Amino acid sequence: MEAILFFIFGGLAVIGALAMVFNKNAVHSALFLLLTMSMIAALYVLLNAQFIAVAQVLVYAGAIVVLILFVVMLLGAELGEKIPQWLTVRNGVMVLLALIFLTISGTAVYDWLYSTQPVAGTVTDELIAQQGSAELVGQSLFTQYLLPFELASILLLVGIVGVVMLGGWRFVQHRERGK
Amino acid sequence: MTNLIWLAIAFPLIGVFINGVFGKKLGEKTNGWLAVSMVALSFIIGLLAFLQVPNLPEHQQTVDLWRWITIGDFDVHFSLLVDPLSMIMTLVVTGVGLLIHIYAIGYMHGDEGVSRFFTYLNLFIASMLILVLSDNYLGLYVGWELVGACSYLLIGFWFFKDSAADAGKKAFIVNRVGDFGFALGVFLIWTTFGTLQYSGVFEAAGTVSTGVITAITALLFIGAIGKSAQLPLYVWLPDAMEGPTPVSALIHAATMVTAGVYMVARSNVLYALAPQTSMVVAVIGGVTALYAATIALVQFDLKRVLAYSTISQLGYMVMAVGVGAYASGIFHLATHAFFKALLFMAAGSVMHAANDVIDMRRLGGLKNKLPITYWTFVIGGLALAGFPLTAGFFSKDEILAKTFEANIWLYAIGVFTALLTAFYTFRAIFMTFHGEPKDADVAKHLHHETPVMTTPLVILAILSVLGGLMGLPAAFGLPNWLEGWLEPVFETMHRLVPAEAAHLTLGTEVGLMTLSSTLVILGIAAAMWVYLRSPQIAERTAQSAGWAYNLLVHKYYVDEIYDALFVNPARGLGKFFAKVVDMGVIDAVLVDGSAKTVGWLGQIAARWQTGYVRNYVVSIFVGAIVIGAYFFLR
Amino acid sequence: MIPTAWYLLLAAILFSIGAGGVMLRRNTLVILMCVELMMNAVNLTFVAFSHELGSMTGQVFVFMIMTVAAVEAAVGLAILVELYRQTQSVNIDDFDSLKG
Chain A
1 MEAILFFIFG GLAVIGALAM VFNKNAVHSA LFLLLTMSMI AALYVLLNAQ
51 FIAVAQVLVY AGAIVVLILF VVMLLGAELG EKIPQWLTVR NGVMVLLALI
101 FLTISGTAVY DWLYSTQPVA GTVTDELIAQ QGSAELVGQS LFTQYLLPFE
151 LASILLLVGI VGVVMLGGWR FVQHRERGK
Chain B
1 MTNLIWLAIA FPLIGVFING VFGKKLGEKT NGWLAVSMVA LSFIIGLLAF
51 LQVPNLPEHQ QTVDLWRWIT IGDFDVHFSL LVDPLSMIMT LVVTGVGLLI
101 HIYAIGYMHG DEGVSRFFTY LNLFIASMLI LVLSDNYLGL YVGWELVGAC
151 SYLLIGFWFF KDSAADAGKK AFIVNRVGDF GFALGVFLIW TTFGTLQYSG
201 VFEAAGTVST GVITAITALL FIGAIGKSAQ LPLYVWLPDA MEGPTPVSAL
251 IHAATMVTAG VYMVARSNVL YALAPQTSMV VAVIGGVTAL YAATIALVQF
301 DLKRVLAYST ISQLGYMVMA VGVGAYASGI FHLATHAFFK ALLFMAAGSV
351 MHAANDVIDM RRLGGLKNKL PITYWTFVIG GLALAGFPLT AGFFSKDEIL
401 AKTFEANIWL YAIGVFTALL TAFYTFRAIF MTFHGEPKDA DVAKHLHHET
451 PVMTTPLVIL AILSVLGGLM GLPAAFGLPN WLEGWLEPVF ETMHRLVPAE
501 AAHLTLGTEV GLMTLSSTLV ILGIAAAMWV YLRSPQIAER TAQSAGWAYN
551 LLVHKYYVDE IYDALFVNPA RGLGKFFAKV VDMGVIDAVL VDGSAKTVGW
601 LGQIAARWQT GYVRNYVVSI FVGAIVIGAY FFLR
Chain C
1 MIPTAWYLLL AAILFSIGAG GVMLRRNTLV ILMCVELMMN AVNLTFVAFS
51 HELGSMTGQV FVFMIMTVAA VEAAVGLAIL VELYRQTQSV NIDDFDSLKG
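Protein chains in written order, with the numbering used here: chain A, 1 to 179; chain B, 1 to 634; chain C, 1 to 100.
Watch out, some of these pointers could steer you wrong.
Said to hold, decoys possible - Short derived list, chain A residues pointing at chain B, Cβ under 7 Å: (1) V59; (2) L102; (3) S115.
To be verified - Just the calculated beta-carbon pair ranges, DEER-fashion: (4) D94/C / L156/A: 27 to 33 Å; (5) Y630/B / D125/A: 35 to 41 Å; (6) L96/A / V598/B: 41 to 47 Å; (7) F149/A / Y630/B: 33 to 39 Å; (8) T610/B / Q144/A: 18 to 24 Å; (9) I14/B / Q144/A: 33 to 39 Å; (10) T610/B / L156/A: 51 to 57 Å; (11) T597/B / Q144/A: 52 to 58 Å; (12) V598/B / P3/C: 42 to 48 Å; (13) G62/A / D93/C: 54 to 60 Å; (14) L156/A / D587/B: 17 to 23 Å; (15) T610/B / Q139/A: 45 to 51 Å.
No lab work stands behind these hints: they were computed from the structure.
These numbers were taken from a predicted model, which means no experiment stands behind them.
Positions of the beta carbon are idealized from the N, C-alpha and C atoms, including for glycine.
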C-alpha cells in the first residue's frame, strides 16, 4: 500500500518537475512546480514528518509559488523565451550533464546502501505517534538548535529589509518628496 | 645601582625617540638640550655604577636583561656586563660624548637638520654603550654594526654635498670589509666554544688548540682593523672628516674608532693565548702609527692632519694591546679621547670662526682672535705630542716602555713616530694660529668664540693635562691607579698565561722617558724653526725631495691603488650587473616577462567570462560533477 | 516500509531535473523555480535520512532551509522586478553586464 502511494506521489512529482522545465509558459511552469511541491509534501507525510509536510505546503506552495505567480503576472512575462530553440547541441550537452550527475548521485546512493550500518536513533515512529511530529521538531528547535533558530529570524529580517530597499524604498521617497 | 646600568643605554634611546619623532616641532634649542640632558643622565648612571664596581664580588656583575635569541642550542641573552673595563669605557664615551654634545649645540646652531643631528648623535651614544657594556660577542657585534651605521649617517650628514655622501659610503663599505671578518670570528667562537659570553669563552679558552685561537683572534682583529682604521683599511677615516666637526670629534677620534682597541683588550685572554696574532697586531699598530704620521706631515687641511694623527695614535694603542699591554692601551685610549676630542673641537671652533675655511694655508694669526681656542689647542697639541707631564706623555710613555720590553724595533718605530707627531702637531698650530693672516677675506669675517663651545674645550683641556694622573708610571714608585683598577679584567689571562715578571729598571725607564721627551721637544723646536723663523725651508725641502714629498701629499697613492684594484673592478662589475643582468635578464625576462605572461593568461581566461549567467551555472555544475565523481567513483 | 534509497533516488532525479532546467531555460523566473526545485530535492533527502536515522536534526535542517528559501525567493524576485524595470526583459541572456 505504502509503496503504491510512494510511486504515485513520486511519479507525479517527477512529471510535474519535467513539465515545469519543458513548459514555455511561465504560469504553467509555476503551477507544475506547485504540483511537485505538493507531492513532496505528501511524501513527507509518508516519511512520518507531518510538521514538515505542513510547513512545506504553507511556505512553498502557499507563499513562494504564489509570490512567483504574482511576479510573473505583474511583469507579464509568461512567454519568456521568444524563440525557443530546444534542440541545440548546447542543450543536448546540458541534458547529458544532468544525466551524468544523476548517474553519479545514483552511484552514491548505491554506495551508501552497501557501505553503512543503519544507526537506530531515538525518534521512532511510535514516539512520533505518541508525541506528535510538531512537538518533537519544536523540542529540537527550542533546545538544541535555539541559536540557529534565532539566527534564522535575523535572516528573515534582513530579507525583509533587503526586499523593501530593492522594491519599494524609492517610491516611498518619491512620495515624501512630492508632499 | 649596577642593576640599573641599562638606563645608561635607555636614556639616549629616549632622546632618539623624542628627537627623531617630534624633533622638528620642538625647535633647535630643545633638541640640543634634550640630547645633552639624556647623555648627562647616562653619564651620571655610568658614574654611579663606576663607584660601585669595587664593592662588587670579583669586581664585576652581569645584568641579565632578557633572553634574546633562542634557536636550538643557540641561546643568547641580552645582558650587560659591569666591570672595570666596561665602566672606564662607559665614562669615556658618555663623558666626552656629553662635552661634545654641549659643543655641538653651539656648532650646529642654525643648521637645518639639528633635530636629525642630535637624533643620530644620541643613537650613536646608545650604540656605543651597547658595544662596551655587552657581556657577549653578539651584543658587541650588534653595537659594532650600530656605531658603523651611525658613523655612516653622520659622515653623510650633509648629504647634499657629494663629497660627504661619498665619504659616508666609503666609510660604510670599508668598514663592512672589516665587519665581515669580525662576524666570521664570532661564528668561529660560537662553533668552538658553544657560547658567546665573555666569561664562558675565556674560561674555556685554555682548553682549545692554539691554531683555532689564532684564527679567531685574527678574524676578530680584521674587524678591529676596519673599525680602528689601521693599515690597510684606514682609508675611510680621513674622508670621514666631511662630517660635522662634533662628529669627527666624537666618533672618528674619541670613541668609535677605539672600539677595536677595546675589543682586543676585552678579548685579552684570547690574544694572550695567540702570540702570533698578537705579534701581527703589534706590527700593524706600529707601522700604522708611523705611516699615518708621515702623511700628517704634509697635509694642509687642519682636520685631516688631526685625522691622520688619530690613525697614528690608534696605531699606538693597537701596538700596545698587541704587545700585551692592555691596560696601557686603554689608558692611552682614555687620554687620547680627551685630547683628540679637544683638538677636533678646537679645529671646529676655528672652522666656525673662519666660515668653514679649514685649509691652513689660508688661516694664520688667529692666536689673538681666538684666545681660548688657541690655548686649549696648544694644550691638546702638547698632550698629543706627549710633552712631559701632560696626559699624553704618561700614556704614550707607558706604551713605549712596554713595547721596549717586548720588541726593540717596534719601540724604535714608536719613538720616531713620537718625534714626527710633535713636529706635525706644532706645524699645524703654527700655521693656523701664528704668523700673519694669509687670507684677508677670512680674517675680515672672523666670528667670535661662544661660551657653549669654549666651555667643553676648557674642561677637556684640564682633562688633557690631568688625565695622566690615572696612570702614573709605577717604576717611580708612583701609584698607577688605572692598572690596578683594570687588574680584575685581566685575572683570567694571568691565570692562563703567566706573565714574566721582568720589569724595567728605574734607570731604563728614566732613560726611555728622557729620550722621548727630548725627541718631543726637538720636534716642537724643529716645527718652530721651520714654520715660524724661516718658512722657506719647508718649500725648499718639498722641492728638493720632490718624489718623496709627492708620495706623502698623495698619501702614498693608496686611494688610487684601491681605486684601481678594488673600486673600479667593483664598479665595472656593478655596471655589468646593472646593464646586462638587471636590465637584460631581471627586468626584461623576469619582471616584464612575468607581467606579460600574466596579461597573456588573463586574455585567454577573459574569454571564459562571457557575462552569461547560464555559462557560469554550467561551470559550477561541471565542478560539482567533477567533485562528485572524485568522491563516489574512486 | 519503503526503503530510504528510493527517496534518495527520487531526490536525485528531481535535483537533476532542476539543475538541467537551470541550464536549459532562459526565462529567469523559471530558473528561480528550478532552483526552488533543487532545494526541495535536497530537503527530501534530509527528511528521508531523518526518518532512516531516527533523528530530528534533519527536519530541523529542512526548517532552516525553508527559511533560507523563503528569503531567497523574496530577494531574488525583488531583484528580478528591479532588473525588469531596467531592461524590460526577463531573459537571462540579456543580463550580461558582468562581461569584462
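So, going through the hints one by one against the coordinates:
| no. | hint | result |
| --- | --- | --- |
| 1 | V59 | violated, 25 Å |
| 2 | L102 | violated, 10 Å |
| 3 | S115 | violated, 11 Å |
| 4 | D94/C / L156/A: 27 to 33 Å | holds, 31 Å |
| 5 | Y630/B / D125/A: 35 to 41 Å | holds, 37 Å |
| 6 | L96/A / V598/B: 41 to 47 Å | violated, 35 Å |
| 7 | F149/A / Y630/B: 33 to 39 Å | holds, 35 Å |
| 8 | T610/B / Q144/A: 18 to 24 Å | violated, 46 Å |
| 9 | I14/B / Q144/A: 33 to 39 Å | violated, 59 Å |
| 10 | T610/B / L156/A: 51 to 57 Å | violated, 35 Å |
| 11 | T597/B / Q144/A: 52 to 58 Å | holds, 54 Å |
| 12 | V598/B / P3/C: 42 to 48 Å | violated, 54 Å |
| 13 | G62/A / D93/C: 54 to 60 Å | violated, 32 Å |
| 14 | L156/A / D587/B: 17 to 23 Å | violated, 58 Å |
| 15 | T610/B / Q139/A: 45 to 51 Å | holds, 50 Å |
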